[in-house]
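Protein chains in written order, with the working numbering: chain A, 1 to 348; chain B, 1 to 348.
Simulated from the structure, these hints should not be mistaken for laboratory data.
Incorrect hints may appear among the rest.
[As the list claims (entries may be wrong)] Quick list of the computed label-pair ranges, beta carbon to beta carbon:
{"id": "1", "chain 1": "B", "residue 1": "Glu236", "chain 2": "A", "residue 2": "Met1", "range": "37 to 47 Å"}
{"id": "2", "chain 1": "A", "residue 1": "Glu120", "chain 2": "B", "residue 2": "Leu103", "range": "32 to 42 Å"}
{"id": "3", "chain 1": "A", "residue 1": "Leu103", "chain 2": "B", "residue 2": "Val109", "range": "39 to 49 Å"}
{"id": "4", "chain 1": "A", "residue 1": "Arg330", "chain 2": "B", "residue 2": "Ala210", "range": "32 to 42 Å"}
{"id": "5", "chain 1": "A", "residue 1": "Thr11", "chain 2": "B", "residue 2": "Glu273", "range": "49 to 59 Å"}
{"id": "6", "chain 1": "B", "residue 1": "Leu103", "chain 2": "A", "residue 2": "Lys27", "range": "55 to 65 Å"}
{"id": "7", "chain 1": "B", "residue 1": "Glu309", "chain 2": "A", "residue 2": "His75", "range": "54 to 64 Å"}
[Claimed, not checked] With a cut-off of at most 20 Å between alpha-carbon atoms, the simulated DMTMM-like pairs for lysine to aspartate or glutamate come out as follows:
{"id": "8", "chain 1": "A", "residue 1": "Lys276", "chain 2": "B", "residue 2": "Glu139"}
{"id": "9", "chain 1": "A", "residue 1": "Lys276", "chain 2": "B", "residue 2": "Asp278"}
{"id": "10", "chain 1": "B", "residue 1": "Lys234", "chain 2": "A", "residue 2": "Glu110"}
{"id": "11", "chain 1": "A", "residue 1": "Lys148", "chain 2": "A", "residue 2": "Glu273"}
{"id": "12", "chain 1": "A", "residue 1": "Lys310", "chain 2": "A", "residue 2": "Glu299"}
{"id": "13", "chain 1": "A", "residue 1": "Lys27", "chain 2": "A", "residue 2": "Asp102"}
{"id": "14", "chain 1": "A", "residue 1": "Lys123", "chain 2": "A", "residue 2": "Glu110"}
{"id": "15", "chain 1": "B", "residue 1": "Lys276", "chain 2": "A", "residue 2": "Glu274"}
{"id": "16", "chain 1": "B", "residue 1": "Lys77", "chain 2": "B", "residue 2": "Glu22"}
{"id": "17", "chain 1": "B", "residue 1": "Lys276", "chain 2": "A", "residue 2": "Asp83"}
{"id": "18", "chain 1": "B", "residue 1": "Lys98", "chain 2": "A", "residue 2": "Glu201"}
{"id": "19", "chain 1": "B", "residue 1": "Lys276", "chain 2": "B", "residue 2": "Glu309"}
Backbone N, C-alpha and C define an ideal beta-carbon position, used for all residues, glycine too.
Protein chains: 2
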Amino acid sequence: MFPVKAYAALTPTSALVPFDFERRDLKEHDILLDIQYSGVCHSDLHQARDEWGGSIYPMVPGHEIVGRIAEVGKHVKKFKVGDTAGVGVMVDSCRVCKPCTDLTEQYCVEGMTGTYNGLERDKVTKAQGGYSTRIVTDERYVYNISDKLYLPGVAPLLCAGITTYSPLRYANVKPGDKVAVAGLGGLGHMAVKFAVSLGAEVTMLSTSKAKEADAKKLGAHHFVLSTDQAQMKKQESQFNVVVDCVSGNHDYAPYLKLLAVNGKLLVVGLPSEEPKLDPFQLVTNRRSIIGSMIGGSKETQEMLDYCAEKNIVADVEVIPMQYINEAYERMLKSDVKYRFVIDMASLK
Amino acid sequence: MFPVKAYAALTPTSALVPFDFERRDLKEHDILLDIQYSGVCHSDLHQARDEWGGSIYPMVPGHEIVGRIAEVGKHVKKFKVGDTAGVGVMVDSCRVCKPCTDLTEQYCVEGMTGTYNGLERDKVTKAQGGYSTRIVTDERYVYNISDKLYLPGVAPLLCAGITTYSPLRYANVKPGDKVAVAGLGGLGHMAVKFAVSLGAEVTMLSTSKAKEADAKKLGAHHFVLSTDQAQMKKQESQFNVVVDCVSGNHDYAPYLKLLAVNGKLLVVGLPSEEPKLDPFQLVTNRRSIIGSMIGGSKETQEMLDYCAEKNIVADVEVIPMQYINEAYERMLKSDVKYRFVIDMASLK
Numbered sequence: 001m002f003p004v005k006a007y008a009a010l011t012p013t014s015a016l017v018p019f020d021f022e023r024r025d026l027k028e029h030d031i032l033l034d035i036q037y038s039g040v041c042h043s044d045l046h047q048a049r050d051e052w053g054g055s056i057y058p059m060v061p062g063h064e065i066v067g068r069i070a071e072v073g074k075h076v077k078k079f080k081v082g083d084t085a086g087v088g089v090m091v092d093s094c095r096v097c098k099p100c101t102d103l104t105e106q107y108c109v110e111g112m113t114g115t116y117n118g119l120e121r122d123k124v125t126k127a128q129g130g131y132s133t134r135i136v137t138d139e140r141y142v143y144n145i146s147d148k149l150y151l152p153g154v155a156p157l158l159c160a161g162i163t164t165y166s167p168l169r170y171a172n173v174k175p176g177d178k179v180a181v182a183g184l185g186g187l188g189h190m191a192v193k194f195a196v197s198l199g200a201e202v203t204m205l206s207t208s209k210a211k212e213a214d215a216k217k218l219g220a221h222h223f224v225l226s227t228d229q230a231q232m233k234k235q236e237s238q239f240n241v242v243v244d245c246v247s248g249n250h251d252y253a254p255y256l257k258l259l260a261v262n263g264k265l266l267v268v269g270l271p272s273e274e275p276k277l278d279p280f281q282l283v284t285n286r287r288s289i290i291g292s293m294i295g296g297s298k299e300t301q302e303m304l305d306y307c308a309e310k311n312i313v314a315d316v317e318v319i320p321m322q323y324i325n326e327a328y329e330r331m332l333k334s335d336v337k338y339r340f341v342i343d344m345a346s347l348k
Numbered sequence: 001m002f003p004v005k006a007y008a009a010l011t012p013t014s015a016l017v018p019f020d021f022e023r024r025d026l027k028e029h030d031i032l033l034d035i036q037y038s039g040v041c042h043s044d045l046h047q048a049r050d051e052w053g054g055s056i057y058p059m060v061p062g063h064e065i066v067g068r069i070a071e072v073g074k075h076v077k078k079f080k081v082g083d084t085a086g087v088g089v090m091v092d093s094c095r096v097c098k099p100c101t102d103l104t105e106q107y108c109v110e111g112m113t114g115t116y117n118g119l120e121r122d123k124v125t126k127a128q129g130g131y132s133t134r135i136v137t138d139e140r141y142v143y144n145i146s147d148k149l150y151l152p153g154v155a156p157l158l159c160a161g162i163t164t165y166s167p168l169r170y171a172n173v174k175p176g177d178k179v180a181v182a183g184l185g186g187l188g189h190m191a192v193k194f195a196v197s198l199g200a201e202v203t204m205l206s207t208s209k210a211k212e213a214d215a216k217k218l219g220a221h222h223f224v225l226s227t228d229q230a231q232m233k234k235q236e237s238q239f240n241v242v243v244d245c246v247s248g249n250h251d252y253a254p255y256l257k258l259l260a261v262n263g264k265l266l267v268v269g270l271p272s273e274e275p276k277l278d279p280f281q282l283v284t285n286r287r288s289i290i291g292s293m294i295g296g297s298k299e300t301q302e303m304l305d306y307c308a309e310k311n312i313v314a315d316v317e318v319i320p321m322q323y324i325n326e327a328y329e330r331m332l333k334s335d336v337k338y339r340f341v342i343d344m345a346s347l348k
């Protein structure tokens, strides 16, 4: 067993506090990762505070994990000690259903095993996440990371990155396409970077004029103030793709209207109230709404390789572990550009 | 000018009554069609009664039109006198925008010209529909019809047929796919026939057990009572495609849940209240909701040729023009298998 230092939520209403526990011994296909950086995803906060229900305590959040391989099980093929590697939102799945054999394990028929806030497939061991010094994971759910990339900026690729990369690929975004991105946060800023890198003409949609300069710094070619009816009207039927990264409650109609013939609204933001959908807006221009959830093992590796090739990482603010409760408060106010990443050296 | 006998709605609340008017002289690319059969679509009733707003009276409904070419303009290429031909939901469009040049004129940027209840593109002439003895239409929006097919059954192909054929093709339904069809009416019965003809394994979803025998007669392989929670639960994540032909108010959630990874909910039924959409159901299995509206000139001809090859027509009840008001009442009670078609000889 490997002793681990971590930060955990002990109840839905208490602050995160230091927490020690043990990781399992390595099985034949497991690796031990010394965690160097762990991204802070909004869903960490949702789950730490039991906002989606069913949370299990004590909970060590974190599913944007990068570090160095410290040990390998005897049948591990992909990694050797010293490699830089990452763990994302899932650490296991049934491995035998069609989605699993297609390497889209995020849609596993039995349900994937989340990196934290659940049980591993033995139904006994608590899965605990990346706000910790070490993690033990089957190599199938661990990814190679190029040493060329700025490592703190790689961590958020494991969730925010793949969550936006996967639907842009599924929608076949290509050079010359017009792509709008709604919501400039952790997901939105990655969506802008990926869409630009794929050759699209990218427009940032935001309710705040103050975001225009930031959006352009990220590579967006245009900015539209989404609260300005006249500006939005001009954009109707202009886009091949709109990426909806807004997690606040909102209707789909204003985004649907922007879509040209065969246009696609990619939904990755998850509002808590169910948005209404005007079917007349949907049949106009043969529009689609497509949901998407992270990515499978194959596509996650592909995304990381693509980022290495294109030198894409997330924009991050590196923090010590001890700052996590302040970071949560600032995240709630969208006061971060665009992701907090914990330097785990602060716990060692 | 060509004198025409017809039936028209004069106000939103009065019954349809006999109505005489004149069609325009033939322009160079126009044809004159002697109408033999005209299908009765639910949207005829919606518009005759101004249920969607903006109706123009007197209104001659009807956009499922078949007959024989009686005269041709001097530059007409596709038709000669005596040919069997059809006119559908649109009779013109701008012809220069991208959707028009792509032959998806139903998504014309300026808006297509409907066959009735609107003005032609001269913004003066009232467009009047198929509950009439003759129609004058530009040949671009007129289709060749094989003489092999039962002509009254062809009329509904021009709306109900293309409305279901087009999204099934767009979703690339192929042999072995599992397709569910919700709603067994004019649209639903065509969706079943097309999905079966494309080689799919077809399940009828209905709130009425009484429809099981009918669905199987149409070729459906399975039947699921959609009000039975246990039956619906068993079908979760099983389908590649669900075709939603339900025009009554309903939620999308029960249909979304049926979709497997990459599954598509094809929306062609248009409820008057906006359905809610659970984004968690959408991101699960990377599901899509896709709207679709009739089909363009190229695909409409393709669909009619496909029907000739596969011997597909709608199941119809042929009625005289004078029966139209009773037919509307029966249509409101879904008391028709599955489309009324007016024999226009009854007006001559």
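For each hint, the structure was consulted:
The hinted window of 37 to 47 Å between Glu236/B and Met1/A holds, with their beta carbons roughly 39 Å apart. Between Glu120/A and Leu103/B the C-beta distance comes to about 55 Å, which lies outside the given range of 32 to 42 Å. Checked against the hint of 39 to 49 Å, the C-beta distance between Leu103/A and Val109/B comes to roughly 41 Å, which is consistent with it. The hint said 32 to 42 Å for the Cβ distance between Arg330/A and Ala210/B, and at roughly 60 Å that hint is violated.
With their beta carbons about 41 Å apart, Thr11/A and Glu273/B fall outside the hinted range of 49 to 59 Å. Checked against the hint of 55 to 65 Å, the pair Leu103/B and Lys27/A passes, with Cβ atoms roughly 58 Å apart. Restraint check, Glu309/B to His75/A: a C-beta distance of roughly 56 Å satisfies the suggested window 54 to 64 Å. Distance restraint check for Lys276/A and Glu139/B: the Cα-Cα separation of roughly 40 Å exceeds the 20 Å cut-off, and the hinted pair is therefore not satisfied.
Restraint check for Lys276/A and Asp278/B: the C-alpha separation of about 9 Å stays at or below 20 Å, so the hint holds. Annotation: proposed proximity of Lys234/B to Glu110/A holds, straight-line Cα distance about 14 Å (limit 20 Å). For the proposed pair Lys148/A and Glu273/A, the alpha carbon gap of about 41 Å is over 20 Å, so the pair is violated. With a C-alpha separation of about 16 Å, the suggested pairing of Lys310/A with Glu299/A holds against the 20 Å cut-off.
Restraint check for Lys27/A and Asp102/A: not satisfied, since their Cα atoms lie roughly 24 Å apart, outside the 20 Å limit. Taking the CA atoms of Lys123/A and Glu110/A, the gap is about 13 Å. The hint holds against a cut of 20 Å. Distance check on the hinted pair: Lys276/B and Glu274/A sit about 6 Å apart at the alpha-carbon level, within 20 Å; holds. Between Lys77/B and Glu22/B, the direct Cα distance comes to roughly 25 Å. Violation of the 20 Å bound is thereby established for this hinted pair.
Among the hinted pairs, Lys276/B with Asp83/A is inconsistent with the structure: their alpha-carbon atoms are about 47 Å apart, more than 20 Å. Pair hint Lys98/B plus Glu201/A holds up; C-alpha atoms about 19 Å apart against a cutoff of 20 Å. The suggested pairing of Lys276/B with Glu309/B is violated, with an alpha-carbon distance near 40 Å, which exceeds 20 Å.
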